[in-house]
Amino acid sequence: MTKNQTIDDAIDKPILTVNKLNVVARSSDKDTAILTDISFNLSKGEILSVIGESGSGLTVLSKSLMNWLPSPLVASKGSVLYRGDNVLNLSTNELRKFRGKIFAYIGSDSTTALNPTVPIGRHLVSKLRAVMPEYSETQAQKRIIDLFDAVRIPSPIERFNEFPFQFSGGMMQRVMIVDALCTDPELLVADNITQPLDVTIAKQIVRLLYDLRDEFGTSVVFSTASLPMAADISERLLVLQNGRVLEEATPKQIVDNPGTNYTKALSERVPRIWSAKHTPMKSLTQKTILSVKNVSKTYFTTDPKAYFSKQAVKAVRGVSFDVLEGENFGIVGESGCGKSTLSRLLSWVEKPDDGEILFENKSINTMNSSELKNLRNQFQLILQDPYTSLPGHKTVGEIIIEPLKIHRSCPPQAYSDRLFEVMTEVGLPKGTEVSLPSQLSASMRQRVNIARAMVTKPNLLILDETMSSLDQVEQARLLDLFDELQRRHNFTYIFISHDLALVRRACSRVLVMYLGRVVEMAANEDLFFNPVHPYSQALLSAMPTLEKNRFDASKVLLEGEPPSPVNIPLGCSFRSRCPNALEICATESPPNSPIRSGQVECHLIAQDKNF
Amino acid sequence: MTFVLSFLLRRLSQGLVIVLLVGFVIFSLLRIVPGDPVRIIVGPMATEKQVEEIANELGLNDPLPIQFGRYLSEITEGDFGNSFIKAKGGNAASGGKENAGVERAAVLDLIKNAIPLSAILAGLGTAFALMFSIPLGIAAGLRPNGLISKLTFALSSIFVSLPNIWLAILLILIVSTQLGWLPAIGYKGLSYAILPAIVLAVELSAVIVRALASSVTTTMQENFVQAGVVRGLTLQHMISRHVIRNASIPILNLFGAQLGGLLLGSLFIVEYIFNYPGLGLLTVNAVFQRDFPVIQGVAILTTAALVIINIMVDLISAGIDRRLQY
Numbered sequence: 000m001t002k003n004q005t006i007d008d009a010i011d012k013p014i015l016t017v018n019k020l021n022v023v024a025r026s027s028d029k030d031t032a033i034l035t036d037i038s039f040n041l042s043k044g045e046i047l048s049v050i051g052e053s054g055s056g057l058t059v060l061s062k063s064l065m066n067w068l069p070s071p072l073v074a075s076k077g078s079v080l081y082r083g084d085n086v087l088n089l090s091t092n093e094l095r096k097f098r099g100k101i102f103a104y105i106g107s108d109s110t111t112a113l114n115p116t117v118p119i120g121r122h123l124v125s126k127l128r129a130v131m132p133e134y135s136e137t138q139a140q141k142r143i144i145d146l147f148d149a150v151r152i153p154s155p156i157e158r159f160n161e162f163p164f165q166f167s168g169g170m171m172q173r174v175m176i177v178d179a180l181c182t183d184p185e186l187l188v189a190d191n192i193t194q195p196l197d198v199t200i201a202k203q204i205v206r207l208l209y210d211l212r213d214e215f216g217t218s219v220v221f222s223t224a225s226l227p228m229a230a231d232i233s234e235r236l237l238v239l240q241n242g243r244v245l246e247e248a249t250p251k252q253i254v255d256n257p258g259t260n261y262t263k264a265l266s267e268r269v270p271r272i273w274s275a276k277h278t279p280m281k282s283l284t285q286k287t288i289l290s291v292k293n294v295s296k297t298y299f300t301t302d303p304k305a306y307f308s309k310q311a312v313k314a315v316r317g318v319s320f321d322v323l324e325g326e327n328f329g330i331v332g333e334s335g336c337g338k339s340t341l342s343r344l345l346s347w348v349e350k351p352d353d354g355e356i357l358f359e360n361k362s363i364n365t366m367n368s369s370e371l372k373n374l375r376n377q378f379q380l381i382l383q384d385p386y387t388s389l390p391g392h393k394t395v396g397e398i399i400i401e402p403l404k405i406h407r408s409c410p411p412q413a414y415s416d417r418l419f420e421v422m423t424e425v426g427l428p429k430g431t432e433v434s435l436p437s438q439l440s441a442s443m444r445q446r447v448n449i450a451r452a453m454v455t456k457p458n459l460l461i462l463d464e465t466m467s468s469l470d471q472v473e474q475a476r477l478l479d480l481f482d483e484l485q486r487r488h489n490f491t492y493i494f495i496s497h498d499l500a501l502v503r504r505a506c507s508r509v510l511v512m513y514l515g516r517v518v519e520m521a522a523n524e525d526l527f528f529n530p531v532h533p534y535s536q537a538l539l540s541a542m543p544t545l546e547k548n549r550f551d552a553s554k555v556l557l558e559g560e561p562p563s564p565v566n567i568p569l570g571c572s573f574r575s576r577c578p579n580a581l582e583i584c585a586t587e588s589p590p591n592s593p594i595r596s597g598q599v600e601c602h603l604i605a606q607d608k609n610f
Numbered sequence: 000m001t002f003v004l005s006f007l008l009r010r011l012s013q014g015l016v017i018v019l020l021v022g023f024v025i026f027s028l029l030r031i032v033p034g035d036p037v038r039i040i041v042g043p044m045a046t047e048k049q050v051e052e053i054a055n056e057l058g059l060n061d062p063l064p065i066q067f068g069r070y071l072s073e074i075t076e077g078d079f080g081n082s083f084i085k086a087k088g089g090n091a092a093s094g095g096k097e098n099a100g101v102e103r104a105a106v107l108d109l110i111k112n113a114i115p116l117s118a119i120l121a122g123l124g125t126a127f128a129l130m131f132s133i134p135l136g137i138a139a140g141l142r143p144n145g146l147i148s149k150l151t152f153a154l155s156s157i158f159v160s161l162p163n164i165w166l167a168i169l170l171i172l173i174v175s176t177q178l179g180w181l182p183a184i185g186y187k188g189l190s191y192a193i194l195p196a197i198v199l200a201v202e203l204s205a206v207i208v209r210a211l212a213s214s215v216t217t218t219m220q221e222n223f224v225q226a227g228v229v230r231g232l233t234l235q236h237m238i239s240r241h242v243i244r245n246a247s248i249p250i251l252n253l254f255g256a257q258l259g260g261l262l263l264g265s266l267f268i269v270e271y272i273f274n275y276p277g278l279g280l281l282t283v284n285a286v287f288q289r290d291f292p293v294i295q296g297v298a299i300l301t302t303a304a305l306v307i308i309n310i311m312v313d314l315i316s317a318g319i320d321r322r323l324q325y
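Residue numbers (numbering that gives the first Met the number 0), protein chains in the order written: chain A, 0 to 610; chain B, 0 to 325.
If we strip away everything but chain B, and leave its shape as in the complex, we get (with noise of 0.2 Å):
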């Protein structure tokens, strides 16, 4: 238990130190590339005056390390601050027109209302890559020079190239537009999250097959395996029992350290494509309207997800392999 504590105490102040350095990054940079937020928020109509009082209400005139400090400290306070363009009922408060003065909608909302619909999408496409790559990666595992382990490195390679925007569109084309099977566009429940999540789990399980067959291959290749088998033991027992619980250590952190990261990464273009209202689709459309505020609380809330899903994905592996925790 100590070991779990320390661990955990450890690494959570590693990880809050890098979400503050990726929070300010993010911060400092939203600040130099060009296109100025009051502009878009006011319209082009606006007089300079009128630039210059929203900017002042917005506190956008401040040096950069005082707009800092002051966004940690309302985070702090469960406040991300608010949008510069949605208003609260969902519609843009932007345009131009004299709507400036909307009460816009505050980014932790946002974010809220987006989230539980990323987490069905990523979860769904995780589970089906997983349903495809666990039983195909042990069985190419198993046999590195048999004809299933040729095929599944054969689809592996074709999922991998397989550029996930051209397979969006194609699925969306046949199964929902031509064969009728499944919603594609937007989110009214659960099916609206199924073709994107074949999606997700075509570009997922490509990585996920090779890797999981090449470590079951590695560690059928150790000498505890055949021991076993003359210590009296069979070998089923032995790759149930051993093989498959030391072949997920090397799966679990590549969880941690790349799947993360591709998870959201596609996520965000996936969402856009069948135009899915989640985390993804909502920072595309605050990239493209210079929405600072939306933009870099999903950065901070993202970077700590990843922190955290490493930092769980370390603390199970110890649990499975002990040696780990020295």
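Isolated chain A, as found in the complex (with noise of 0.2 Å):
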């Protein structure tokens, strides 16, 4: 079926109506309107996709087709229409034989939504048998688990009897879509369901769930904050702005000619990896600043399958490189590849099992305590919760003057000037001082944060996935700030994150982890226009942007996921996801092979003499 075509449909018998909706939370003295008036169509097979900010009413959307508001919410007005039935107006036993078996609901928080002491399995059995009560126990299973086998589950049958907490959250998303389909509903909304996902992960389901309608004919209303992602899913957009359908468009017509304000700066926001000019803050002096020499960290957990013994979770496995003073420094990674545990190695919370770490050309390892303490002042941590970061009963002045108590920076009666000018810095406006951080927004506290960390006037500053609480609009005024800081302080920064995008904008080397190794290095531009190692190529690949990616996912994106750290393959440690492994990636461990900027571990590499 063509894209033209489902159009067609859609003006023809659309199978979802909704009419003039209206939500409210309701209170018994007046009604807070969440959605006013929304309406569209869906046809059959056709995916729609509804793209909002947080706030804009996305998930009560995706809620009320269910006819699923928790209350104090209320659908008001209007109707939600399957083939002439109005589901808001169904009783609690009608709705049984509307969910499941013609309309199926995914969720973004796939990990709480069965029940953790069940197997998997029995879940999809027991919906499956609870919808479509011909099938037999045996039948069930089986369809289960060709079906577990059709979205991609390694090894399906052994998956069938594992736990929920087994399952990493984009298998448990895979589970999740198995759940929905297998009753063959012919609507799928599909609400956020990549939100926590890791880049390579989104791009997989979401492909995945392109393939699925194709084979169904299934329709899906897709809701998501990316632009990009909706863009690259979906036939038709529409835009929700506090509660209101600002427009419905063609993805093409959204980037390219957008209707509203709003919308043109919606596309704008996401960032342009390669159409536009980055000038990180570059190292001046050449000087090292921090130098990490072959760092291991190894972590023992219960092993459930053996007697009194501990399995190891290689972290972090001989991690070497060295940051300059006045640069940022990216550290990019997929959850699980080690950087938090780095950031903890770095910052010296945790101590390495091997190898060295040198600041400003003094071995942490052998300083004692009070030189330790000395140290600390010169180099700060900004966490990535600025919820759970921040101590809740202190105000934020107290918060910010703590370094300097402990640190005795500065004489008592100094401290006033330093958080005043400190807070003028990050901008905190005068009076928030005597604010607790619950009275904050999240970026204010993101600041408080941050003024923690800079009030004894450290030299580098950690920054470990910062900002990925943050929206677009305040990631950027950060970052701004953060420059601004940078010009004025001389600080040196090292960006932990999972974000390309932000490490694209902001940092003028990168470091690309896979599995606790650091599998590539080189300079912004060189990693972001020619990156060598087949892994920096999937990331790349996997990046939802609006411009066309110099890097076709279906040649280079990658299937699976990254193996358990405590199962680490012999070899290349990416050998089993890599696209053009060799032989020899199997038995060694790729050298390092230095290349322009920077370093790549890849046999292909070192084999190739072009480079």
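Please note that the accuracy of each hint is not assured.
[Claimed, not checked] Per label pair, the in silico range of CB-to-CB distance: (1) 4/B x 145/A: 47 to 53 Å; (2) 184/B x 132/A: 54 to 60 Å; (3) 26/A x 244/B: 16 to 22 Å; (4) 144/B x 76/A: 46 to 52 Å; (5) 4/B x 355/A: 38 to 44 Å.
[To be verified] Covered, in the sense of this in silico footprint (three residues per stretch, anywhere, with C-beta under 8 Å from a C-beta of chain A), are these stretches of chain B: (6) 130 to 141; (7) 233 to 247; (8) 315 to 324.
If you are wondering where the hints come from, they were derived from the structure by calculation, not from laboratory data. Quick caveat: nothing in here was measured; it's all calculated off a predicted structure. Yeah, the Cβ is synthetic: ideal placement off N, Cα and C, and Gly gets one too.
Since each chain sits alone in its own frame, please combine them into the complex, following the hints.
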């Protein structure tokens, strides 16, 4: 079925018609509008994306399609018509015939969608049999296992008997897709399903959904906050703002010819990777400020399958790199690649099992506790979560000056001067010093975090996913702030992030991690335009962008997920997913080849004399 | 299976250490508290020489660690020593008469005779408590603001504040003496266990019903319950197959951590009031009579029982929720 035909069908006989739907939050004295006059049609086999920022009503819209509005939300006006029946008027009993059988729903938080104490297979079999009683127990099991195979869940029979907590986010989302599609529903509501996933996994899931739509002819309502993702998957887009439909158009129209300023801003805000100029700060002195030499860290956890033995989780395996004074150094990788462990090692919250870290040519390994305390004055860690990294019972002022007290950096009379100085620098308005963190927004809290880190005038700031809890507008503002602070104080930053767009925008040199190893390190331009390692290429191909991706996902995107850091394959750890693996990759670790501005660990490169 | 074996090995070895420690503490404390057991055995009329002889015979003049070591080595042979007081026939062997030489009852035998009776009482009490708390706790937990919930919580407040001694005497007075429905004192058959079991159940159910209700309420709020309904399952299915299963884990842990102790504690009191010849009555009497071997034996065995109950509880919990195996 071509896209044009699908749209024609939509005009002919839509299977779903949403007509002037209004949803309110009802309290005893008044109604607060959440959704206002939402109308759209959906035809058989069509994918419609609904895009909007958090707070725009995306999830409420998705849930109201299932007639699943938790109190105090009420559909006050309008209808959700499925082939003429208003879903909103159905009784609990009638709804049961709808949910699962005709409409299926997948939410963003797949890890809490199933009871963690019951094996995966049981959930799916009992749902299939509840919705389609004609299936016997064995038939249902067979169907689920076949579908697991179809959505490329490895070893489906074993996984059928495993428990939800043993599944990664991406695998769990595949399970939920099977759960939704095993009963051949006509409509699938996919509510922000890629949101918690890593880019390569999110891309896999979107492609899977797209293929399944072709196979089953299911209509899909795909809600997401990511415009590139929506443009990638759907035939039509609905732009939602403050609970109203602003615009309905094809992805091409939205990108090339947006109908409203909001849509235009939305599309402009999507980071441009290749078409924009980025000039992150480079080191002027070329002096090494932090030197990491072959550090490793292994954790031990209980192994339920062995007697008294622990299993070794090799989180960081022999990582080396230098950070130069005044530069922005990026460390990227997906979940489980070891970047958080590395940040704990860099900030000496934990000690490496092996290897050495030098700060300004002094080894941290051999420092005693008072030297270490002095050192902490000079480098600071800013954490990911602005909610849990601030003590809730202290005022912002107390939080920010606490490091001064610990390090006795200045006489107590000077505390308040320093406090206001720092607060002005990070953009905290006067008066916030008496607030509690809970009275501030996420981005304000993150500024408190930054102020606390800066107050002792450190040289090096380690930013561990500091931006990931903020929206793109706030991220941009904070990045500007970082630039300015850097110019003023000659800070060195280490950005640890999963977000390639952020790294592209902010960092002069970038290190790519996979399973605790550095697979490639290169200058920004080199990495984004000519990545050499197949993993770097795959990461870039999975990036949601509105420009044409320089890397074709169908050629370089990875299948599957990284192996567990407990069972790291022999030889090259990337071999199990590498599209071009050689024989030698199975037996020997790839050598470290210096290339251009950095280094790469790959047999393909080592054997290619052109580099 | 590997999990179960390594779990049991690890926990049983830890448990052994706990039992030994408790044993040693009890053993030492009993020898520090005032009251000379030999004097009790031989009576006030005996001469110092006789006292000394008996003390030597019983090994009470040796240093404490030696006494404890001897005690442990005897235990490994299944010998918990002999009662200072009780004669083999069951009558008291004390009183200062010439019968200090009467063969005294083995502690293990005394405990062996008492355990089945206590087990009947504890089992019956727990069964009554569960019969009452499970339906009410689940009903209250499903509708935390409903009438049943309010009544249940009020009732459990009353239950928890009733002194068991008062309740026991009241029950004896009304059900046994006035109405004549059930026997109350001693033990001649199962019907003798019913009244004391009710007293135990009242105390236990006050705790269980509250914990169960709040555990069900918390589980009902988990995302997977509503998500299951939207996936196409009925709410009844979600409750019977998932909510009750998950809500049972905190209750099991409560059993291990608190109820074991509570049950044993009240067993002692309740048995004493009803003169019910179980482990509790044996111990209370032994304490009054400074019957060290009996107290030690009971203490070690009940500690071991508590340790085993806790191990079982954790094992079952880990069977219900596999995450606990990690």
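Status of each hint after checking the structure:
| no. | hint | result |
| --- | --- | --- |
| 1 | 4/B x 145/A: 47 to 53 Å | violated, 36 Å |
| 2 | 184/B x 132/A: 54 to 60 Å | holds, 59 Å |
| 3 | 26/A x 244/B: 16 to 22 Å | violated, 36 Å |
| 4 | 144/B x 76/A: 46 to 52 Å | violated, 29 Å |
| 5 | 4/B x 355/A: 38 to 44 Å | holds, 42 Å |
| 6 | 130 to 141 | violated (count 0) |
| 7 | 233 to 247 | holds (count 6) |
| 8 | 315 to 324 | holds (count 5) |
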